[in-house]
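Novice: Note that my numbering numbers the sequence shown so that position 210 is 210, with each residue one more than the last.
What the hints contain is simulated information worked out from the structure, not anything from laboratory work. By construction, the Cβ of each residue, glycine as well, lies at the ideal position given by its N, Cα and C atoms. Do not take every clue at face value.
To be verified - Under the rule of at most 25 Å between Cα atoms (straight-line distance), these lysine-lysine pairs were calculated in the BS3-like manner:
1. K31 / K56
2. K461 / K565
3. K46 / K258
4. K555 / K461
5. K242 / K299
6. K230 / K342
7. K244 / K321
8. K258 / K184
9. K583 / K555
10. K31 / K476
11. K244 / K259
12. K46 / K114
13. K382 / K486
14. K46 / K88
15. K567 / K461
To be verified - Restraint-style ranges between C-beta atoms, simulated for each label pair:
16. D18 / N525: 21 to 29 Å
17. G330 / V409: 18 to 26 Å
18. S178 / S317: 53 to 61 Å
19. K359 / L181: 44 to 52 Å
20. L529 / N25: 54 to 62 Å
21. L564 / L529: 16 to 24 Å
22. G91 / A404: 45 to 53 Å
23. Y506 / E324: 52 to 60 Å
24. G315 / V409: 24 to 32 Å
25. L388 / R34: 52 to 60 Å
26. H436 / A487: 55 to 63 Å
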Amino acid sequence: MAERIPNEIVKQISQSVDIVEVISNFVHLKKQGRNYFGLCPFHNEKSPSFSVSPDKQIYHCFGCGAGGNVFSFLMDIEGLSFQEAAIKLAGMANIPLHINVSQSKTPGTNTYDKMIEAHELLRQFYHHLLVNTNKGQEALEYLTRRNFTREMIDHFQIGYCLNEWDTSLKFLKSRGFSEELLEKAGLIIKSESNHQYFDRFRGRIIFPIFDMKGNTVAFSGRVMHKGEPKYLNSPETPIFHKGKTLYNFYQARSSIRKKQSLVIFEGFADCIAAYGAGVDNGIGAMGTALTEEHVHMIKRNAERVILCFDSDSAGQSATLKAGELLQKAGCTVQVAMIPEAKDPDEYILTHGSDAFINKVIGTSLTFMAFKMKYYQTGKNLKNEGDRLAYIEQVLGDIATMDNAIERDVYLRQLADEFSLSLDALKQQERQLYYMHKKGLKKQEQQNRVPVSIMSQKPARKAFENAERILIAHMLKSVTFTQRVQKALQDIPFNLDDHQAIVTYLYGFYEEGNEPDLTQFLNFLNDQHLKKLVAEIGMISIAEEVTDREFQDYIKHVVNQHKWLKIKEKERESIEAERQHDVKRAAEIANEIIQLRKSL
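Put together the whole structure using the sequences plus the hints.
Specialist: Laid out in structure tokens, this is it:
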């Protein structure tokens, strides 16, 4: 059973950390009025609907309904228990928290945790072999020749796996890991001939891969001499999915958020070389195409993205696909072009860090400028057919741009390049632009129909609004809560969720707690109610409620209760008449009359 943390410690932690600061580590927030807004980390969206209140220390997403306090945010975003979230927050606030962690969540108690633990142990083991042993000397010298400094090796926790069949296997077995689990984790391989297990990465330089929490979840091993494959990567496992992982994202995230920009490389070798050159906001796609999950991670953390892929045809094709995906998600995309068909690693080795920073990253093209260059590939622009095809292709892309000034800039560039009439180009582009807008509008309408049917919320009734406002005030005042309790007497709130919240609130105050939204959210066990309390807590209300307003809110709650009672009596009356119970029907009719009068 998890060890309970005293309420006074939880309260101290709540008062010592700022929810805006904590959430800013995961979501790019912008201040609008009194609150902060950003893209929700719990669902895909293009327009910010995720709101954080520094005054109330709560968050709420108006899109998906997620909400809570700083504890619930960490629990949801990182999959932590309450105790683990409290430990993490206490560490941020420098508050000593003497709690038995093993009781809240014992490492290695399930397959997922044991796989993480095995990877963490191997990362440390491989790094130790590289930097502290004679057997790793050759690998260390190889890295040094390729301009890897000790700082780079330590930062990326680069290691070396001995060129022996079962060193890693023996190391992990001695620590209690089974061969079956290690095979499932992708760390060892079973021979088909003799069914013996052996190390996957033997004789290779090891590059650890971390997830968003900083856990080691995979490795990539590079040969030092001739051998195939050049890079050997961990397979997909329960803890590692290429489509959800970006190399160096965990280490670079603070720099990315600070600069509000990031540089994407094709793989980790380029990413590491660029870090050595001074690019501390670089990440690697690990040789795989960007996925929707990747783009969602990127969009949450940065506004501007620079693509720095290889200059060969495959790299440029990957640049186009990645750029279109990022631009569609609302990112500002730029492209760093590397001359002489080199990759970033090779360019840095040849020309140095300053040239890479100033002549490659510093002169990045807009995505449209890149596409204009890309579309020329394989075309003879002196040939009329190729030239017209190129112009038509570029015009089609210009027509999709929302910014009129940008459209004008590229149209003038196109006119100058081929000595064309600017007016003719504008006329053609305008037709394409309106066709594009019309197509988008039609597509949006088609897409919107099922969504609106499923998600459109009916307007709230007067009694529901009255109950929400009463609860919002009750969350801020014990006296107001007692006033509501006295006014309603035994009449419950009409919505079950609302009644459940006030019941919990009565209990919270009866335990001697003062009004504290964060503490009350911790007091609640029901996740659905937590989200609803966070939503109600975000309601903007006046500091004081006049007697007239108070009576009006109470009247809406009571009258709704009476209307429901009338409906119930009407059903009873119908049943009495069906049974020919005239006396009972008359009594019910009189009750209905009295109820209607009381309204």
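Novice: Each of the hints needs a verdict: does it hold here or not?
Specialist: Status of the hints after comparison with the structure:
Proximity of K31 to K56 is assessed by CA-CA distance (about 15 Å); at most 25 Å being required, the pair is judged to hold. With a C-alpha separation of about 17 Å, the suggested pair K461 and K565 falls inside the 25 Å cut-off, and the hint holds. For the suggested pair K46 and K258, the alpha carbons sit about 21 Å apart, so the restraint of at most 25 Å is met. For the suggested pair K555 and K461, the alpha carbons sit about 13 Å apart, so the restraint of at most 25 Å is met.
A hinted pair counts as satisfied when its Cα atoms are at most 25 Å apart, and K242 with K299 qualifies at roughly 18 Å. Our distance criterion of 25 Å between C-alpha atoms is met by K230 and K342, whose separation comes to about 18 Å. For the given pair, K244 sits about 18 Å from K321 by alpha-carbon distance, which is consistent with the 25 Å threshold. A distance of roughly 38 Å separates the Cα atoms of K258 and K184; the hinted pair therefore is violated under the 25 Å criterion.
Proposed proximity of K583 and K555 is contradicted: the alpha carbons are some 32 Å apart, above 25 Å. Distance hint between K31 and K476 is fulfilled; the C-alpha atoms sit about 24 Å from each other, no more than 25 Å. For a cut-off of 25 Å, the pair hint linking K244 to K259 stands: about 23 Å separates their Cα positions. A threshold of 25 Å between alpha carbons decides the hint, and for K46 with K114 the separation of about 37 Å lies outside it, so the pair is violated.
About 88 Å separates the Cα atoms of K382 and K486, which puts this hinted pair outside 25 Å; it is violated. Distance hint between K46 and K88 is unfulfilled; the C-alpha atoms sit about 30 Å from each other, more than 25 Å. Restraint check for K567 and K461: satisfied, since their Cα atoms lie roughly 17 Å apart, inside the 25 Å limit. About 25 Å separates the C-beta atoms of D18 and N525, a value consistent with the hinted range of 21 to 29 Å.
At about 21 Å, the CB distance of G330 to V409 agrees with the hint of 18 to 26 Å. The supplied range of 53 to 61 Å is broken by S178 and S317, whose beta-carbon atoms lie about 44 Å from each other. Between K359 and L181 the C-beta distance comes to about 49 Å, which sits within the given range of 44 to 52 Å. The beta-carbon spacing between L529 and N25, approximately 27 Å, falls outside the hinted interval of 54 to 62 Å.
Between L564 and L529 the C-beta distance comes to about 22 Å, which sits within the given range of 16 to 24 Å. The hinted range of 45 to 53 Å is satisfied by G91 and A404, whose Cβ atoms lie roughly 50 Å apart. The given range of 52 to 60 Å is respected by Y506 and E324, whose C-beta atoms sit roughly 55 Å from each other. Judged by the Cβ atoms, the range 24 to 32 Å given for G315 and V409 holds: they are separated by roughly 26 Å.
Between L388 and R34 the beta carbons are some 56 Å apart, a value that agrees with the proposed interval 52 to 60 Å. Taking the beta carbon of each, H436 and A487 are about 59 Å apart, inside 55 to 63 Å as hinted.
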